[in-house]
Amino acid sequence: GAGVSQSPSNKVTEKGKDVELRCDPISGHTALYWYRQSLGQGLEFLIYFQGNSAPDKSGLPSDRFSAERTGGSVSTLTIQRTQQEDSAVYLCASSWGGPGGSSGEQFFGPGTRLTVL
Amino acid sequence: AQSVTQLDSHVSVSEGTPVLLRCNYSSSYSPSLFWYVQHPNKGLQLLLKYTSAATLVKGINGFEAEFKKSETSFHLTKPSAHMSDAAEYFCVVSYISGSARQLTFGSGTQLTVLP
Numbered sequence: 001g002a003g004v005s006q007s008p009s010n011k012v013t014e015k016g017k018d019v020e021l022r023c024d025p026i027s028g029h030t031a032l033y034w035y036r037q038s039l040g041q042g043l044e045f046l047i048y049f050q051g052n053s054a055p056d057k058s059g060l061p062s063d064r065f066s067a068e069r070t071g072g073s074v075s076t077l078t079i080q081r082t083q084q085e086d087s088a089v090y091l092c093a094s095s096w097g098g099p100g101g102s103s104g105e106q107f108f109g110p111g112t113r114l115t116v117l
Numbered sequence: 118a119q120s121v122t123q124l125d126s127h128v129s130v131s132e133g134t135p136v137l138l139r140c141n142y143s144s145s146y147s148p149s150l151f152w153y154v155q156h157p158n159k160g161l162q163l164l165l166k167y168t169s170a171a172t173l174v175k176g177i178n179g180f181e182a183e184f185k186k187s188e189t190s191f192h193l194t195k196p197s198a199h200m201s202d203a204a205e206y207f208c209v210v211s212y213i214s215g216s217a218r219q220l221t222f223g224s225g226t227q228l229t230v231l232p
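Protein chains in written order, with the numbering used here: chain A, 1 to 117; chain B, 118 to 232.
Think of the hints as simulated: they come from the structure by calculation, not from any bench.
Values in this document were obtained by computation on a predicted structure and should not be read as measured data.
A few of these clues could be false.
[Claimed, not checked] Here are the simulated EDC-like pairs of lysine to aspartate or glutamate, each with C-alpha atoms no more than 20 Å apart in a straight line:
| id | chain 1 | residue 1 | chain 2 | residue 2 |
| --- | --- | --- | --- | --- |
| 1 | B | Lys159 | A | Glu105 |
| 2 | B | Lys166 | B | Glu181 |
| 3 | B | Lys175 | A | Glu105 |
[Said to hold, decoys possible] On the chain A side, residues computed to face chain B include the following (Cβ under 7 Å):
| id | residue |
| --- | --- |
| 4 | Pro8 |
| 5 | Gly42 |
| 6 | Glu105 |
| 7 | Phe108 |
| 8 | Pro110 |
[Stated by the list, open to error] Residues from chain A that keep clear of chain B, each with C-beta distances beyond 10 Å, as calculated:
| id | residue |
| --- | --- |
| 9 | Lys17 |
| 10 | His29 |
| 11 | Leu60 |
| 12 | Ser66 |
| 13 | Val74 |
| 14 | Ala88 |
| 15 | Leu117 |
Using N, Cα and C, we set each Cβ at its ideal position, and we do this for glycine too.
Take these sequences, add in the hints, and give me the full structure.
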């Protein structure tokens, strides 16, 4: 019973470089979420995928952020031209599905700690 | 609009004494509520959830929470703290936004357990 996995666990990059963060959700989960957790802050919603529907991108902080989900499974969050304020822990979560069949419980990965120098 | 307020950013207790982490919520309809725990350098783990069944919810590791609609509260308690309980705790409300189940997180309460 594998949980949600994320890679890399830590990423250090230089300002202006692009980074890609990967998330492998729990098998069978149709919903996938990305969050950002900055130091001392709660979780900030970034983007949501549900099955083959168009993603909810309402939480993305700028057009430098994008995400895709291939084949309804693995997701990649891409940050272009990274800035120091992008430094945070990026968390991925998955769940059973949309509002009809779930209480909303999400299963979280261990996160990727991004440091932009 | 849905929101949660965690009333204490830091709570410190002695080992063996009770734990109380306070949470108030705001929701336009009957909410689903959760408590998650985050240990250092670990992912978020679900402690317990309320989904309109019993108002007293029991979770893992001896934690429980009581849903009080009249007070719009969902406080987390444990009768006797253990050193391993030291972590950050998040109160969370779930709501429907379009086609999605979204979560709104509180700002977190850092629990310190003193020997």
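Next item on the list: State the violated hints by number, sorted upward, taking the hints as numbered earlier in the document.
Entry: 4
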